[in-house]
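Trainee: Sequence:
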Amino acid sequence: MAKFSICIALLFALGGCSEQSKSKSTETRLSLLRTTNPHPAVLDEKEEEFKFAEKLQKEVLKQPEIYDVAIIMGKKEVLVAYKVRHLQRFRMKKIEKNLTKKLEKQYPKEKFIVSSDYKIFIEAVDLNEKLKDPKYSRKKATDQFKSIIKLQKEQT
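Quick note on the UniProt record's numbering: the sequence shown kicks off at 1 and runs consecutively.
Hints are computed from structural coordinates only; laboratory data are not their basis.
You can take every hint at face value.
The calculated lysine-lysine pairs, modelled on DSSO-like cross-linking and capped at a C-alpha distance of 27 Å, are:
id, residue 1, residue 2
1, Lys46, Lys150
2, Lys75, Lys150
3, Lys75, Lys62
4, Lys75, Lys55
5, Lys102, Lys46
6, Lys93, Lys105
7, Lys93, Lys153
8, Lys146, Lys51
9, Lys153, Lys119
10, Lys111, Lys101
11, Lys46, Lys62
12, Lys111, Lys46
13, Lys150, Lys94
14, Lys62, Lys97
15, Lys130, Lys140
16, Lys150, Lys130
17, Lys97, Lys111
For each label pair, taking beta carbons as the anchor points, the in silico distance ranges come out as:
id, residue 1, residue 2, range
18, Asp133, Leu87, 34 to 40 Å
19, Lys3, Met92, 47 to 53 Å
20, Leu87, Ala2, 50 to 56 Å
Every residue, glycine too, gets a C-beta built ideally from N, C-alpha and C.
Given these sequences and hints, build the entire structure.
Mentor: Listed below in structure tokens is the structure:
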């Protein structure tokens, strides 16, 4: 009887672990542990927007406090999610404020949503990974982008 209950417990434990590996890609799960620097994602797929997003990514990475950034360009908004170097974590709000001010000054026509929150960063990397799949629809991508924006606004 004891062996049977151990087998059942082990079965449940392994079953719970397997579901986690299916939900997120390896890239997404490892994004907290190492620098990923994903290519900027553009929902409209216009060449000039890709160039703008890459330029924006280089601009953000010039900041000495920031070491990883995920950029997603929507129709109206640009999501900039980044990770801050460990010793700069006490200044996260100040860094976010300065980065937002700098981006809005350089690109006044764009509406930026800037976040140093890891949850937002992981969601942005996840969306970026899904956009690489040609079967993933733009409608789903737009809906996920909107949910990330909503999540960011809830946390502020």
